[in-house]
Amino acid sequence: MAEIKGFKNKKLLYDTPQKADFDNSEFPIHRPQISKKIIARPTANICYMRERNISMLKNELILKNPLRRMGYKSDDILNKGEFGAVMARAGVGKTAFLVQLALNSMLREKKVLHISLNDPVKKVSLWYKEVFSRITTHYHILQGAQLWEKVLPHRFIMTFRVEGFSVPKLEERLTDLIEQDIFKPDAMIIDGVPFEDPIHQDLADLKNLAAQQGMQVWFAIRTHRHEEPGPNGTPSQLINVADLFEVVIQLVPVGKHIQIKAFKGPGSSGDQPDLMLDPATMLIQDQT
Amino acid sequence: MSKDIRKVRNIGISAHIDSGKTTLTERILYYTQRIHTMHDVKGKDGVGATMDSMELEKERGITIASAATYCEWQDHEINIIDTPGHVDFTIEVERSLRVLDGAILVLCAVAGVQSQSITVDQQMKRYKVPGIAFVNKCDRSGANPDRVMGQLREKLGHNAAAMQLPTGLEADFEGVIDLVSMKALYFDGDKGETVRPAEIPEKLLPAAQTARELLIDQASMFSDTLTEAILEEKEVTAEMIIGGVRQGVIERRLTPVYMGSAYKNKGIQPLLDAVTQLLPCPLDIENEALDMNKAEQPVVLRNENDKPLVALAFKLEDGPYGQLTYIRVYQGSLTKGDTIVNVRTGKKVKVGRVIRMHADQMEDIDAISAGYIGALFGVDCASGDSFVAPGLSLTMTSMYVPEPVISLAIFPKDTKSEVNVSKALGRFTKEDPTFKVFVNAETGDTIISGMGELHLDVYIERMRREYQAEVTTSPPRVAYRETITQRAEFDYTHKKQTGGAGQFGRVAGYMEPVQNEDFVFENKVVGGAIPTQYISACEKGFRKCMLKGPKMEYPVTGIRVVINDGASHSVDSSDMAFQAAARHAFLQGYAKAKSVIQEPIMKVVVETPTEFQGAVMSTLNQRRAMIVGSQDEGPFSEIEAQVPLSEMFGYSTDLRSVTKGQAQFTMEFLTYRQVPQTITDELAKKSAADKKNVA
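Going down the list, the sequences are from chains P and U. Under this note's numbering, the letters of the first sequence match residues 6 to 293, in that order. Under this note's numbering, the letters of the second sequence match residues 1237 to 1931, in that order.
Please note that the accuracy of each hint is not assured.
[Unchecked claim] Calculated pairs, DSS-like style, for lysine-lysine (alpha carbon to alpha carbon, straight line, at most 25 Å):
1) P:Lys127 / U:Lys1666
2) U:Lys1839 / P:Lys155
3) U:Lys1839 / P:Lys116
4) P:Lys128 / U:Lys1839
5) U:Lys1364 / P:Lys127
6) U:Lys1364 / P:Lys128
7) U:Lys1666 / U:Lys1649
8) P:Lys115 / P:Lys127
Since the hints were made in silico from the structure, they are not lab data.
Taking the hints into account, I'd like the entire structure generated from these sequences.
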């Protein structure tokens, strides 16, 4: 297994002692059967009256998602096991963009695991809240609070320190979550990976993991103004790992706006619509 | 009492459980010669620390009620309020912070910034209390003050500035390097009472120089003299640095960090110096009161003795000689024999004994001057009351008091206990606004409610110990609520004209959900369909229904009732008739309004060694938790989750067993959220069963 930036690749004393502890009959643990009961209920086309409005709202927001116009085949843009990246200079709006991708998935009841190597949970969660409230204001949605409570359980935030992050560690955490039936992500967002370091092997491992678990993974890549881009304008951070990414989206400040360009993948040939990131709200907007 | 207000410090010591703040306070009192021996919190000598005056605190090793203590250091008078560390007692912390001018934030060098530190820090921000940080336990294995400084910056957003560097760490911790005087300080003697300055060890000199430069750089942001000296390459004096740092502290834009180990008696005296040099005196802080005559407009108070008195009673204690009221004077002075007014009740009070407290001993004084903290005897009031000179109508800002979320019934075991229980409850409710008592009208049970399981536990324990009142308790009950989720119309005619005095009233309108309000009543009746004199009867009828919801008899909240039509009868209409009509109209509308049960959701933060992260998440998951996220901090992880209160009973035991006692958690009320259908069904079953039992 590979490492990222000096993380000591030691297997954590994790599974065995803790599991044994857990099954210790000396401490009987209260396990309510709620989740099972909920699953056991017929899930056929029943739409409860009080939930009707909320699901209508959700659909409305999904339909309004401007990214649908980028010409991707599915709403997720990526297929299972694929990698996508959002590339921009610092402060242009990578995180805001990724959070919108995540919220779109969450609205469609897909589970999103957001991993941040820079920010604490509180800050990441604030990003979501902020972007969500801007979306609801933008589309004049009044029951924002209710909708928020509906989408929130589809998100899980995990933060690591950059030096403490490694693929085996992530794998271990992920297995924990999935095995204990706490959270099974459909998509993952990873913010803050140091692309300057040689990390091809790590990413390849991660891609295997993603394929196994059937997840799509989005990355934020920070580029630098002073660095000369390589051939075809590929920034230095991406050159060595470009083969792993199916889709790359670039955010380019143009005048007062931030243009969303498909750099790699569908739409990159130039026939894409004009999508912008509104610099005031950081929301993706359709200019047409 | 001292004449120079500039040499007065009212400070608090705030921290996470087990960061050692009581030990620290104990050392401070020893070095300032207020006490002559030191005891530990869980002392083997069976005496316990001086500040933990309640027996229960000594037993559990935690501080519950904050005692106020006075001491002197280098000509300065320091009033210390020891604050409790457990989140269940945060009202105490908040109340203490309200009267402080500055605080020492104690952090553990191993565990760093923990969840409770974050809560306390937020409270310090809310009351704008400037602070300095003390990284304690530098002698423990795994101590890393650097990491703690980083966490201060990242987690709490402080502009942390190291004032010292440790010489050696963990078992080799010897002392500190003072970056202002550039001397190494060692603490000699059995109890570290002699501070010995020495040259900085050579191998640490480069690090110390770099750190000093950084400190000067940070301090120069707040001092022009210092900036000038740097630019003109003059000598930078200690006064310049201290001046800059002090300014930064008072503006709350810089947090100087000190280091040491209270348990090993190292680094305490420099911290005391820092308190006198860096923390503000009462003059540096602007305090505001609210003018009751001018719609509660804020008024800035003057910290002068000859102004009319404004003071705040922030804590009560029942001592052997009657009620002791801790008081902070903001303006004017409080002298023996004065007549003062309790703003809340409007009653005049004559000041009897005025004293100064030292944990559980006291000394008589003549007056409390502006800016000081003292205590009064024999004054009847509740905590949080303001006292002013006659003729003034100022009140100190009312403190934020959260609603209780948990309750249980208590039953005294015998008659003697019964009397004592009522005494105890009377005192507790006066002392602690989050602790409430009421009698259930139906069952006749005495119900106590508070902010958490431990909160109530402590009071029951105190009843037993301090009042010899034995009680048995019912299992705790969660404060569920009912509310509606959609608008519904009602139109009800109450008619009883079958003989005798008739009753007639018709009420029509609608009800709808409303956020952040319990009950809103609006009258949109036009043309006198309901005569004006009966409108209040209608409101009363609706309000009565809110107390006990039709669905499961929980209180109803979040409803706006609008009445827009009705009818009356010239003879048969009465207040009673309209109240009855309103009640039935409420039931009629409520049935159509898709009512739901809501339960209190707590924000739970668990701090655990990383290896137990999975196990902890699983314990939370079993409790219907929504896990918000996990934060990996190297050896420690922090898991944040939102969990229904009803599932949190006995969580501490569970957590202990899966983490070998190495994890801690804090819990605070977050919001009310709808109960899932399955749980609602269970609740319904239970309440039906209860009803059967009663019958």
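Status of each hint after checking the structure:
Of the pairs offered as hints, the one joining lysine 127 of chain P and lysine 1666 of chain U is violated, with about 36 Å between alpha carbons and a cut-off of 25 Å exceeded. Proposed proximity of lysine 1839 of chain U and lysine 155 of chain P is supported: the alpha carbons are some 18 Å apart, at most 25 Å. Our distance criterion of 25 Å between C-alpha atoms is met by lysine 1839 of chain U and lysine 116 of chain P, whose separation comes to about 22 Å. Between lysine 128 of chain P and lysine 1839 of chain U the CA atoms are separated by roughly 16 Å; this keeps the pair inside 25 Å, and the hint holds.
Under the criterion of a C-alpha separation no larger than 25 Å, the hint pairing lysine 1364 of chain U with lysine 127 of chain P is consistent with the structure, at around 22 Å. Distance hint between lysine 1364 of chain U and lysine 128 of chain P is fulfilled; the C-alpha atoms sit about 22 Å from each other, no more than 25 Å. A hinted pair counts as satisfied when its Cα atoms are at most 25 Å apart, and lysine 1666 of chain U with lysine 1649 of chain U qualifies at roughly 24 Å. Restraint check: the Cα-Cα separation between lysine 115 of chain P and lysine 127 of chain P comes to about 22 Å, which is no more than 25 Å; the hinted pair holds.
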